[in-house]
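Chain order of the listed sequences is A and B.
Read left to right, the first sequence gives residues 1 to 305 (the working numbering).
Read left to right, the second sequence gives residues 1001 to 1247 (the working numbering).
These are computed hints drawn from the structure, not numbers from a lab.
Just so you know, these numbers come straight off a predicted model, no measurement behind them.
Backbone N, C-alpha and C define an ideal beta-carbon position, used for all residues, glycine too.
Any given hint could be a false lead.
[To be verified] Here are the simulated distance ranges between beta carbons:
{"#": "1", "chain 1": "A", "residue 1": "V280", "chain 2": "B", "residue 2": "N1052", "range": "51 to 57 Å"}
{"#": "2", "chain 1": "B", "residue 1": "G1037", "chain 2": "A", "residue 2": "L26", "range": "56 to 62 Å"}
{"#": "3", "chain 1": "A", "residue 1": "S199", "chain 2": "B", "residue 2": "E1190", "range": "30 to 36 Å"}
{"#": "4", "chain 1": "A", "residue 1": "S199", "chain 2": "B", "residue 2": "S1046", "range": "34 to 40 Å"}
{"#": "5", "chain 1": "B", "residue 1": "R1186", "chain 2": "A", "residue 2": "I248", "range": "57 to 63 Å"}
{"#": "6", "chain 1": "A", "residue 1": "D194", "chain 2": "B", "residue 2": "W1049", "range": "30 to 36 Å"}
{"#": "7", "chain 1": "B", "residue 1": "T1067", "chain 2": "A", "residue 2": "Y305", "range": "16 to 22 Å"}
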Amino acid sequence: MHPAISVIFFTVMSGAGLGAIFLLGLGWPMPSGPLAAFLICLLAGGLTVAGLMSSTFHLGHPERAWRALSQWRSSWLSREGVLSIVTMVLFGIYALVWMVTGERIAWLGFVISLLAAVTVFATAMIYGQLRTVPNWHTVWTPVCYLAFALASGMLLVAGIGAADVLLGIPVAFWAAAALLVAWVAKLVWWNRADRIGFSTTGSDTGTATGLGSLGKVRLLERPHSGENYLTREMVHRIGRKHARKLRIIALFLGLAFPLTLAFVAMGAGQPAILFLIAFVCMMAGLFAERWLFFAEARHAVSLYY
Amino acid sequence: MTLLPEKTGRKLGLVIDLDVCVGCHACVVNCKEWNTGGYGAPLADSDAWGDNPSGAWLNRIHTFEITPEDAPAQIVHFPKSCLHCEQAPCVTVCPTGASYKRADDGIVLVEEDKCIGCGLCAWACPYGAREMDPAENVMKKCTLCVDRIYNENLPEVDRTPACVRTCPANARHFGDFADPDSNVSRMTAERGGFDLMPEMETQPVNKYLPPRPKARPDAEGMLAPAIEPKANEGLLGWIDRALERLG
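Excised from the complex, chain B in its bound form:
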């Protein structure tokens, strides 16, 4: 059923902290690993060991360079996966009902047995969150690890998406955005979490936290007085003066 639910009970999603992400791609690899053996068909590759390897991935990290007008450039590693939008355009365009948004937790999923592989959902998504599986010819996307988060066979600590569980820098957080007191809601409020391309009116559930402001080399830092070498006093001052006197 490709009509969107009017309201979802919970709004499960991710917070991605761009200040913390070190761009190690561990989440990318663990996502691929888990989802090739989990929900739906395996996440296939084509020509994996050949000259032109390619494949379906549900999470990719881009690296961007930001150049402020008055400061040196900085690097931001930018993980991108499905944002589980409240107004998901990928769902409403689906002609078969394979794509749907769950009314109870807001997760956007593809029922692969119904997918005809037309690719229109991937065209409708501004974020590039959906990729066609090269072997199964059905659309693949982030499931928010729906087969982990409710899985009582796993220890409780593992009932979180694979990307979140594996991140060595703790840059990814999983929670319920419908609950204002949840970890993700609080983090978003405290750090000024933002949406990607809000002008596309997709109302993404996932939020991104901006990099924290960097100290500018020309500005007076808090530790600057402590690390400024002082050559005119103490032992160094005495040596300095002594060497000066040597001519």
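So that you can see chain A by itself, here it is in the shape it has in the complex:
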């Protein structure tokens, strides 16, 4: 599949933003004062909104994007739009109350946390629902999206937050655990993706043409000599060229480096700057991971080409 930069940016940024909002809603301890409240909410909300805005850039008609809120009964993309707006509106109210009164409304926070998680789930299901792309069509897709949102969001709130210890466990340990869980899920996802091919549905050029029972079927001639929308969008091959290297880059920037920083932080009194460096690093790793999520995915229509 064609890896559109706007969509990669959207899923990584809004994932981190919603992960942070999830933890803020659960009541992650934060510095006091209206200015701190303003900056914290601006950062978490800003990441999410920047991601959501970016997602409209790959539309043919961004001015009609509001129409995408109408079909939530059947469409995950529509659900994602509705959920993200409801989450952001409630988070705006939560932030406003926090700035004005200095109080964080616990029940509203829980509702926002739940909505943020469901929004990330809906984002993942835009891809996870597609039977045509076997790499994506698995429960591990939403698991990965949720775990990455949590891990990247946690590095961010650990950096800007006021907590050293949560539930008796150092914050750096929580961050390390979230990182490990996320990347174990991704390794499971990658391992499945490497083996799956079209075996989930048993599709091949034989079933695509319905002629498999007559013999071995292979394409002799494409419909047109040039590229077309389908080959550019769904039979994209360029991104796979450096897949191995990009996976190593993703693992290094997304896991090894932030994890090392988390361990260093444990021994060094957990300075905020280490978590923030780890966060930036992980975001870079997630861009590589998300590029591969698209570039390595094979679509059923490639069986005709």
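Given chain A, put chain B in place with the hints provided.
Chain B in isolation, oriented as in the chain A frame:
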């Protein structure tokens, strides 16, 4: 409304006979011609006369080679357009309601004024039936020539999809699959019409008819005795024997 209708009154669609298709691409060209002036925005091209021409087409012909284990390869020309699936995944993923399946005749259409050009429907379709228009940035797809088949301004013989009307080999047929006595239903039953990628659970309405079995060169054909040269009898036999005697 992107929920699928529970049941459609009629199931309009095509039968494509792979035994008959000669791969002339006339249906491809006539489809482009009709649909660039018919329903919705024109079917655009980009860089049409340049080095890298590309464009939106609603019907394309691929050519495949089938190699049986015990016989020489054969060529099959394979026209592919929207199959107007009963469980159309392109419809349910649409976030705006631009894509819909009509409850009365089962045709899957795009209301272009509502399309935001997100492309998710094209991702959901296993068949590559939907293509983004390079000029209008909205999704285009086969309409089953909805602006021909009900068009009373056209002579009755023309009230059929452009691809069907134009096919010089009569490889494409249009009809109602909900009626078991229709031309398309009978053809499908008689010839063993099949679905493309049934494992995708899309329940396509369009059916494909397989190529008829070919005579094998090594097998005894019906006409073989008639065309076998017989050099040992009649005039040829006499010449043969005479030439043999010359030494």
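Verification of the supplied hints:
no.	hint	in the structure
1	A:V280 / B:N1052: 51 to 57 Å	39 Å, violated
2	B:G1037 / A:L26: 56 to 62 Å	59 Å, holds
3	A:S199 / B:E1190: 30 to 36 Å	34 Å, holds
4	A:S199 / B:S1046: 34 to 40 Å	37 Å, holds
5	B:R1186 / A:I248: 57 to 63 Å	60 Å, holds
6	A:D194 / B:W1049: 30 to 36 Å	44 Å, violated
7	B:T1067 / A:Y305: 16 to 22 Å	19 Å, holds
Hint violations for this structure: numbers 1, 6, all remaining hints satisfied.
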